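Enquirer: Please model the complete structure; the sequences and the hints are all you need to start from.
Each chain, written out:
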Amino acid sequence: MDLALKDIRRHLGKFIATIVGVAMLLTIVLVMNGIYRGNIADGVWLIDNTATDLWVVERGRGGPFNESSRIPLDSHKSVAATPGVAKASPLVIFSAQRQIGARNQQFTIIGYDVFGGLGGPARIARGRGIEAARYELVADGKLGLDLGDKVRLGIHDYTVVGITQGAVDSGGNPLLYLSLPDAQQVQFQQDNRALVAARAANLQRLERAGYSSEQAARLLPLLSTSGDTVNAVLVRLAPGADGVRVAQHIRDWLHFNVYTTEEQRDLMLEGRLARMSAVLGLFRVLLLIVSIVIIALIIYVLTIEKIRSIATLKLIGASNWVIVRLIMEQSMVLTLASFALAYGLRELIAPGFPRSLAFLAHETAITFGVMLVGGVLASGMAIWHALRTPPQLALGG
Amino acid sequence: MTLVDVQKPVVEVEGVSKTFGSGETVVLALKPCSFAVQEGELAALLGPSGSGKSTLLLAISLILEPTTGRIVVGGQEIYNNGWTEVDDRAFRRRNIGFIFQQHNLIPFLTAIENLALVMQLNGISRREATRRAKELLGYLEIAHRADWLPANLSGGEQQRVAIGRALANEPPLILADEPTAALDTERGTKVMALLKKIARERGSAVIAVTHDHRMIEGFDTVYHLNDGVLQRMP
Numbered sequence: 001m002d003l004a005l006k007d008i009r010r011h012l013g014k015f016i017a018t019i020v021g022v023a024m025l026l027t028i029v030l031v032m033n034g035i036y037r038g039n040i041a042d043g044v045w046l047i048d049n050t051a052t053d054l055w056v057v058e059r060g061r062g063g064p065f066n067e068s069s070r071i072p073l074d075s076h077k078s079v080a081a082t083p084g085v086a087k088a089s090p091l092v093i094f095s096a097q098r099q100i101g102a103r104n105q106q107f108t109i110i111g112y113d114v115f116g117g118l119g120g121p122a123r124i125a126r127g128r129g130i131e132a133a134r135y136e137l138v139a140d141g142k143l144g145l146d147l148g149d150k151v152r153l154g155i156h157d158y159t160v161v162g163i164t165q166g167a168v169d170s171g172g173n174p175l176l177y178l179s180l181p182d183a184q185q186v187q188f189q190q191d192n193r194a195l196v197a198a199r200a201a202n203l204q205r206l207e208r209a210g211y212s213s214e215q216a217a218r219l220l221p222l223l224s225t226s227g228d229t230v231n232a233v234l235v236r237l238a239p240g241a242d243g244v245r246v247a248q249h250i251r252d253w254l255h256f257n258v259y260t261t262e263e264q265r266d267l268m269l270e271g272r273l274a275r276m277s278a279v280l281g282l283f284r285v286l287l288l289i290v291s292i293v294i295i296a297l298i299i300y301v302l303t304i305e306k307i308r309s310i311a312t313l314k315l316i317g318a319s320n321w322v323i324v325r326l327i328m329e330q331s332m333v334l335t336l337a338s339f340a341l342a343y344g345l346r347e348l349i350a351p352g353f354p355r356s357l358a359f360l361a362h363e364t365a366i367t368f369g370v371m372l373v374g375g376v377l378a379s380g381m382a383i384w385h386a387l388r389t390p391p392q393l394a395l396g397g
Numbered sequence: 001m002t003l004v005d006v007q008k009p010v011v012e013v014e015g016v017s018k019t020f021g022s023g024e025t026v027v028l029a030l031k032p033c034s035f036a037v038q039e040g041e042l043a044a045l046l047g048p049s050g051s052g053k054s055t056l057l058l059a060i061s062l063i064l065e066p067t068t069g070r071i072v073v074g075g076q077e078i079y080n081n082g083w084t085e086v087d088d089r090a091f092r093r094r095n096i097g098f099i100f101q102q103h104n105l106i107p108f109l110t111a112i113e114n115l116a117l118v119m120q121l122n123g124i125s126r127r128e129a130t131r132r133a134k135e136l137l138g139y140l141e142i143a144h145r146a147d148w149l150p151a152n153l154s155g156g157e158q159q160r161v162a163i164g165r166a167l168a169n170e171p172p173l174i175l176a177d178e179p180t181a182a183l184d185t186e187r188g189t190k191v192m193a194l195l196k197k198i199a200r201e202r203g204s205a206v207i208a209v210t211h212d213h214r215m216i217e218g219f220d221t222v223y224h225l226n227d228g229v230l231q232r233m234p
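Sequence order for the protein chains is L and Z. Numbering-wise, the first sequence is residues 1 to 397 according to the working numbering. Numbering-wise, the second sequence is residues 1 to 234 according to the working numbering.
Pairs of lysine-lysine residues, derived as DSBU-like cross-links and limited to a Cα-Cα distance of at most 35 Å, are as follows:
(1) K6(L) - K134(Z)
(2) K196(Z) - K8(Z)
(3) K134(Z) - K14(L)
(4) K150(L) - K77(L)
(5) K31(Z) - K196(Z)
(6) K77(L) - K87(L)
(7) K197(Z) - K31(Z)
(8) K190(Z) - K8(Z)
(9) K197(Z) - K6(L)
(10) K196(Z) - K134(Z)
(11) K6(L) - K196(Z)
(12) K190(Z) - K6(L)
(13) K8(Z) - K134(Z)
(14) K87(L) - K150(L)
(15) K197(Z) - K134(Z)
Keep in mind that the hints were calculated from the coordinates and are not lab data. None of the values given here were measured: they were computed from a predicted structure.
Expert: Here's what the structure looks like:
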């Protein structure tokens, strides 16, 4: 006779409420797993999905993602001339925030050479890639844009010609691709009225400093900001070229910092992602421990509630195994049912979750295993108490 | 079967005593006592609280080891001067049925499941246990409550189910702890009559610890315990 299931059937409402409560906690654990992995996947998505071998950035800088890097626009020409380089393309990358549709959204703009250059979208889910030199864009589906939509960036409107799926920056924000000149314009070009105001202010400043109008007019272009910079140059190596040697050559002769894709990846994982991953990992462990402790307490309380029945069972000759099985089975049912419900909730939540979630089957299996072992251990305290209960308790003595 | 032609003892207690503590703090809870209960006999253990009744009952139940003396149940020696070789739970399953003051039915099992459980613990198959439990509930005239949970039964009905559970494995000995204390006189009298019927028809020996003087008349033998000394009442 399965005493555990009979007891559960008798206290079904209480048991279901407990399962729902524990499942909520486990759902958080599972979603945390997803956020943890999603954070890593997002962090390296752009690096992994930009078909490039080397990343060339400003000397002394950590790369276009970890800190700002500015190099002259035509640097890619000298990089392209380096022995072992098959192709070198300029890349502009910067964060932006605009009202798109009904929402104020943050995204990352990538400007690349749309005519055969590197750094463009890896896959287009709908529509096509950018084919015109100006005023076209490819956006990720997360932005909620549709083909043909017009988006105002800076002083111009851009038409959506392609939609990507899952193209995100290291923070999980969607990517928006523009041609290189468009991206530079969005980044550097000011509104005409702002330009006129800045020009007037600079003139006044020079005149106050004692320069004549003629001198001030000559100096004025030197005070205005230049838009002829890019953030990085992407390099594809020629077949058989040694990436380390090519990188060293660019460092020595062109005075840039160069990272292989693997180094860029490590830089991202050890830098920006390391602390966030550590925090998420810590939360995962803490929540797992809390879940096990809660199961332990619930099983303990359930056991204490039937301690007189356990004493009676001992008195009428039930073996210890019958009592251990009663407690252990309830703990297992609680753990398994909670995990199953949590898994279902996770599947329900994941599609609409505001951040990217990435689930690894083996990680879910490990969490399940830990919960199962935790469930067994959790019942230990209750089993210990039950086995120490004297049978004479049933006699009231 | 009547007491006249029953001679075989089910329980034999010889010189059993129990002391707790040692040295200056030693307490003699039960002074050496001897008695026997035959097949079909109903014996009552009377006495005030702390007189040693429970100690004696626990010793016969293989829960508390006596300090001295010998106890034989169903022809098997379970204690000899504080020493036992018997597997207590297996022995209780086969040889002793228990009836409690508060019935102590397993609350999440129905009446029939409470009976079947005891049989299944003794190795009887589920189907056979259920068949016998149904039969036993019929014998106790409570078959119509077979699928009811204890909480939905009256006190008297619960006690009948508890008696059925005690009888389930047809043990030679039934130990009852205040079996009528929680019942009114009418229901208590019915339970006593039922215990007597069981003892006579099934040949079980019944030892009941009781404070309930209303029911004394129903017992074949009455023992009185006072300050650890056992005396047979006339």
